[in-house]
Amino acid sequence: MNYWLVKSEPFKYSWEQFVKDGKTFWDGVRNYQARNNLRDMKKGDRALFYHSNEGLCVIGIAEIAKEAYPDPTIDDDRWVVVDLKPVKALKQPVTLAEMKQQPGLENMGLIRQGRLSVSALTKEEYELVLKMGGTKP
DNA sequence: GCCAACGTTGGC
DNA sequence: GCCAACGTTGGC
39 MNYWLVKSEP
49 FKYSWEQFVK
59 DGKTFWDGVR
69 NYQARNNLRD
79 MKKGDRALFY
89 HSNEGLCVIG
99 IAEIAKEAYP
109 DPTIDDDRWV
119 VVDLKPVKAL
129 KQPVTLAEMK
139 QQPGLENMGL
149 IRQGRLSVSA
159 LTKEEYELVL
169 KMGGTKP
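Note that the numbering used here numbers the first sequence so that position 116 is 154, with each residue one more than the last.
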């Protein structure tokens, strides 16, 4: 099982909307590194759902429901999407500021390379963030 | 709204 | 294939 972190601007697609939809395909990735991460996702992997721009916090957990397939929204086979479904919200959102202060998270993709919209997490990082959010895996 | 970080593009 | 210019992202 692998662990990931995906970012979304709440204006564009919020956690609330995600929960309401029950499932979504993760499109709009136009960055090769992020794309490669998407391709590495396996069904059943877990991903933290992060709100950028507003909130600046990890707000919930998603699960990969379907592995990467060509982006249906554009005619360009360079880009792929994955299907995600919500698992649960964190009891307590974990903010970027908290994660920056947290020993053990200094190598997180989100902190080292803030602009990357899809990044990989280690199991330790993933579990630490959940713990900070008062949530059991 | 500003600015830093980073990726991409295009001229040579 | 290098590198400067430019565009985009996202935190502050």
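Keep in mind that the hints were calculated from the coordinates and are not lab data.
Keep in mind that a hint or two might mislead.
Below, a list of computed lysine-lysine pairs in the DSSO-like style, where the Cα atoms sit at most 30 angstroms apart [as the list claims (entries may be wrong)]:
#1 Lys81 - Lys50
#2 Lys126 - Lys61
#3 Lys161 - Lys58
#4 Lys161 - Lys104
#5 Lys169 - Lys50
#6 Lys129 - Lys58
#7 Lys50 - Lys104
#8 Lys81 - Lys58
#9 Lys81 - Lys129
#10 Lys58 - Lys104
#11 Lys58 - Lys169
#12 Lys123 - Lys80
#13 Lys80 - Lys129
Model, not experiment: these values are computed from the prediction.
For Lys50 and Lys104, compute the direct alpha-carbon distance and say whether it is at most 30 angstroms. Distance of about 22 angstroms is within 30 angstroms: holds.
Given hint Lys61 paired with Lys126 - CA-CA distance at most 30 angstroms: Holds, because 12 angstroms separates the two Cα atoms, which is no more than 30 angstroms.
What's the verdict on Lys161 and Lys104, does the C-alpha distance respect the 30 angstroms limit or exceed it? It holds: about 21 angstroms lies between the C-alpha atoms, which stays within 30 angstroms.
Pair hint outcome, Lys58 versus Lys104 [Cα-Cα no greater than 30 angstroms]: Holds: Lys58 and Lys104 sit about 19 angstroms apart, inside 30 angstroms.
Taking only the CA atoms, is the gap from Lys169 to Lys50 under or equal to 30 angstroms? 28 angstroms, holds
Distance restraint between Lys81 and Lys50, which requires alpha-carbon spacing of 30 angstroms or less: The hint holds at about 25 angstroms.
Does the structure keep Lys58 and Lys169 at a Cα separation of 30 angstroms or less? Roughly 25 angstroms between the alpha carbons, so the hint for Lys58 and Lys169 holds.
Within a Cα-Cα threshold of 30 angstroms, do Lys161 and Lys58 meet the stated pairing? With Cα atoms ~28 angstroms apart, Lys161 and Lys58 stay inside 30 angstroms; holds.
Decide if the proposed pair is consistent with the structure: Lys80 and Lys129, CA atoms, cutoff 30 angstroms inclusive. At roughly 26 angstroms apart (the allowed maximum being 30 angstroms), Lys129 and Lys80 satisfy the hint.
Below or equal to 30 angstroms on CA atoms is what counts here, so check Lys81 against Lys129. Between Lys81 and Lys129 the Cα gap is close to 25 angstroms, so the pair holds against 30 angstroms.
Does the alpha-carbon distance linking Lys123 and Lys80 stay inside the 30 angstroms limit? 13 angstroms, holds
Given hint Lys58 paired with Lys81 - CA-CA distance at most 30 angstroms: 21 angstroms, holds
In summary, the structure agrees with every hint in the numbered list given earlier.
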